[in-house]
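2 protein chains.
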Amino acid sequence: MAAVNSPIKVLLVGTGALGSIYAWRLDVSGKAHVTTVCRSNYEAVKKDGFRINSLAFGDEVYRPHNVVRTVAEAVADGEIYDFVIVCTKALPNLVDSSDIIAPAVRDPRTIIMLIQNGIGIEGPYAARYPNNPIVSTVAYLDSSQPSSGTINHGVVTLLDMGLFSPTTANYNVGSVAARVEELGEMWRDNGVHVLISEDIQKSRWAKLVWNASFNTVSVVSGGNDTRQMLDSAECKALIRSLMVEIIKAGETVTGSKLVYLGGFEKPDDIINNTDMLPKPVTPSMLMDFRAKRPMEHAVILRNPIELAKKHGVEVPHLETVYALLTMVENRYLTQSKL
Amino acid sequence: MAAVNSPIKVLLVGTGALGSIYAWRLDVSGKAHVTTVCRSNYEAVKKDGFRINSLAFGDEVYRPHNVVRTVAEAVADGEIYDFVIVCTKALPNLVDSSDIIAPAVRDPRTIIMLIQNGIGIEGPYAARYPNNPIVSTVAYLDSSQPSSGTINHGVVTLLDMGLFSPTTANYNVGSVAARVEELGEMWRDNGVHVLISEDIQKSRWAKLVWNASFNTVSVVSGGNDTRQMLDSAECKALIRSLMVEIIKAGETVTGSKLVYLGGFEKPDDIINNTDMLPKPVTPSMLMDFRAKRPMEHAVILRNPIELAKKHGVEVPHLETVYALLTMVENRYLTQSKL
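Taken in sequence, the protein lines are chains A and B. Here full-length UniProt numbering is used: the first residue of the first sequence is 1, the next is one more, and so on. Here full-length UniProt numbering is used: the first residue of the second sequence is 1, the next is one more, and so on.
Hints were generated in silico from the structure; no laboratory data involved. Among the hints, a few may not be true.
Pairs of lysine to aspartate or glutamate, DMTMM-like flavour, derived with a Cα cap of 25 Å [as the list claims (entries may be wrong)]: (1) Lys292/B to Glu314/A; (2) Lys9/B to Glu181/B; (3) Lys46/B to Glu79/B; (4) Lys309/B to Asp96/A; (5) Lys292/A to Asp268/A; (6) Lys257/A to Asp189/A; (7) Lys266/A to Asp189/A; (8) Lys248/B to Asp275/A; (9) Lys248/B to Glu314/A; (10) Lys236/B to Asp231/A; (11) Lys309/A to Glu79/B.
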């Protein structure tokens with residue numbers, strides 16, 4: 001029996017290199033209407049849509065169902081969204097991003113999906129919207145936005161998602177899970193690799209193994225790509241030490257082994273895998289550093305460090321890198337350059 | 001009974017902001033003839049001498065007994081030196097400075113005095129000149145060389161010196177000690193505060209408490225003076241952690257409490273003392289970084305870390321900062337800038 005459903009209404013906040021691909025793969029399903037909140041690229045996208053060049057899906061101009069500048073604009077006509085998907089960078093030290101979506105979370109059925117890196121990203125949303133389901137999602141995606149509205153994408157599309165703290169939920173977990181599954185199915189139908197995880201925190205910590213090491217060190221070492229980092233024995237040893245600390249912290253905090261999507265579980269394997277890539281990787285944090293943008297150190301380092309210490313895990317290498325990273329950022333965000 | 005002695009012959013290698021002051025205070029005694037090996041400032045000093053502005057000793061043009069470009073030139077006329085004093089930066093990872101003085105160490109009575117920072121500086125000299133006494137010396141001096149041959153000096157003059165490994169010496173320790181005391185007395189007569197220490201390593205480690213923390217962090221944090229470092233709670237905590245590790249390592253390696261000349265023994269006291277200085281301090285390593293000069297990380301971090309680990313002391317904060325510092329240096333010494 002084919003049910004005739006009205007389209008799922010999705011509001012996607014932060015439609016850059018990452019958000020645009022996931023918005024596109026939903027919108028093309030025809031089963032979802034995606035309204036994209038565009039900030040820096042609004043003019044370009046409103047006028048010409050997203051010019052997407054994707055190895056996986058081909059080249060296409062994607063015109064979202066609706067393009068707006070702000071969340072307030074997205075709800076000005078009284079629209080109620082089934083999903084609010086947050087794809088902004090996680091910068092809780094600078095912005096309470098739970099604040100930004102407030103106008104669109106008027107209905108307790110609205111599901112908040114956070115597609116962001118790091119640990120502890122759900123806290124501000126859970127505190128502010130205790131009755132709304134939160135889907136914590138980890139993305140692996142190889143895309144970039146070389147100019148406003150132009151998106152380059154490779155072949156990776158993975159979304160790994162799970163309900164945040166569903167055991168204490170004020171909602172029917174089964175029905176929410178069904179709606180998330182429905183959304184996931186739309187993505188899957190359009191080529192996105194979607195996983196639904198029981199304990200998403202294990203995936204979050206696993207992704208952190210790379211992000212809290214290569215990403216952060218690339219900046220505090222003075223601006224180095226993966227090749228340059230691994231060419232220094234001391235730096236390689238440091239990256240390994242950071243990974244060991246994250247794994248120990250993650251396993252202690254989550255109470256079990258982490259779930260590694262790449263198939264590499266040991267620091268040396270993760271390092272060797274990076275070492276053998278055909279081209280050096282310029283970590284995203286280094287790109288932020290070079291562009292003098294804020295870095296995601298609160299969710300990549302600060303929150304994991306705090307959780308680790310709360311659970312009695314010593315993380316001296318992480319603490320050192322965190323202190324230095326915030327200082328480095330402070331110099332370019334608030335002070336004159338050297 | 002007043003003995004009529006011929007002047008002590010001193011060769012001083014590395015006559016910059018530090019070396020020039022100590023050369024001057026010896027040379028003015030009339031009891032020593034100081035030959036200064038000048039590199040970058042040779043032309044200026046040969047022509048006009050050192051133009052010294054000293055709060056402690058007044059303003060004076062100091063013309064050394066002899067000014068040469070190289071150690072070879074200093075011995076070209078067959079001169080035998082009683083003391084060879086090395087005041088160069090300690091960069092054993094780049095230069096074997098024991099090599100540089102070789103032409104002047106032809107006589108087993110020649111005493112080698114090293115006025116340098118860090119740990120393990122004596123090793124290459126002891127290996128190469130097993131029969132020569134080595135006087136390991138720590139200097140506290142507030143001087144700078146704003147332009148070639150112009151030296152500004154404040155009021156601090158301290159030299160803390162001790163024989164390196166005298167228990168295994170191939171020479172008469174008593175007679176060497178007497179000659180060192182004689183040299184020290186000449187300095188004292190001309191206003192230099194000279195201490196002779198039984199175990200100079202305790203002083204070296206104590207000086208490292210500041211150098212391995214504030215100095216190194218000033219660079220890897222992106223270029224910050226003491227005020228900027230202490231204004232960040234995380235950075236202050238990091239500096240404290242580095243100090244704790246150095247003190248533990250130093251106490252374990254030397255087998256006893258360190259000897260702090262400043263009177264401050266605890267990390268918090270050392271930090272507070274720095275915090276209360278009327279002006280922020282720009283650490284010397286940060287000045288090297290800004291001028292794209294090599295940094296003394298091998299003797300300030302690498303050697304202490306190796307010794308610590310050999311003695312079973314964990315030093316994760318120091319290791320992290322060392323890995324990053326060498327990467328940062330590598331970028332400006334060998335690679336293009338960001």
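Now the hints, each set against the structure:
1. Lys292/B to Glu314/A: 35 Å, violated
2. Lys9/B to Glu181/B: With Cα atoms ~15 Å apart, Lys9/B and Glu181/B stay inside 25 Å; holds.
3. Lys46/B to Glu79/B: 19 Å, holds
4. Lys309/B to Asp96/A: 44 Å, violated
5. Lys292/A to Asp268/A: 32 Å, violated
6. Lys257/A to Asp189/A: 31 Å, violated
7. Lys266/A to Asp189/A: 33 Å, violated
8. Lys248/B to Asp275/A: 36 Å, violated
9. Lys248/B to Glu314/A: With Cα atoms ~18 Å apart, Lys248/B and Glu314/A stay inside 25 Å; holds.
10. Lys236/B to Asp231/A: This hinted pair is violated, its Cα atoms lying about 30 Å apart.
11. Lys309/A to Glu79/B: The hint is violated at about 64 Å.
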